[in-house]
Amino acid sequence: VVAENDIFETDDLPLRGDILVKCFQRTNTTERSLFFRCQFNTCTFDLSIHHENIFKLRFYREELDNILM
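70 is the number that our numbering gives to position 66 of the sequence shown; each next residue is one higher, with no gaps.
It is worth saying that the hints were derived from the structure and are not from the lab.
Fair warning: there could be bad hints in the mix.
Result set (EDC-like, lysine to aspartate or glutamate): computed pairs, CA atoms no more than 16 angstroms apart in a straight line [claimed, not checked]: (1) Lys26 <-> Glu67; (2) Lys26 <-> Asp16; (3) Lys26 <-> Asp69; (4) Lys60 <-> Glu13; (5) Lys60 <-> Asp10; (6) Lys60 <-> Asp50; (7) Lys60 <-> Asp16; (8) Lys26 <-> Glu13; (9) Lys60 <-> Asp15.
Derived Cβ-Cβ restraints for the label pairs, each shown as a range [what the hints assert, rightly or not]: (10) Cys47 <-> Phe12: 17 to 23 angstroms; (11) Asn70 <-> Asp50: 29 to 35 angstroms; (12) Glu8 <-> Asp50: 15 to 21 angstroms.
Note that beta-carbon positions come from the ideal geometry of N, C-alpha and C, so glycine has one too.
Take the sequences, apply the hints, and build the full model.
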C-alpha cells in the first residue's frame, strides 16, 4: 500500500555531493525488488543557511525512476 506521501527523515545525516536514494520493497524474507529511486546533488543548496524547512525535498511520482504506477 502506497500512501499519498511518505516522509523519510535523515535527521543529522551529513549529505554532500551526489545523492542516490533507493527504496526497496520486500517480496519475501530473503528477496527484495526496487520500488523507486531518485538522485540529486547538494551543490544546488545553500548549506550555510540553517533553517528548519531549508532541507526539505519533495519528489513527485513522475520524478522518480522505476516507480510502480
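Check each numbered hint from earlier against the structure, then list the numbers of those it violates in ascending order. 2, 12
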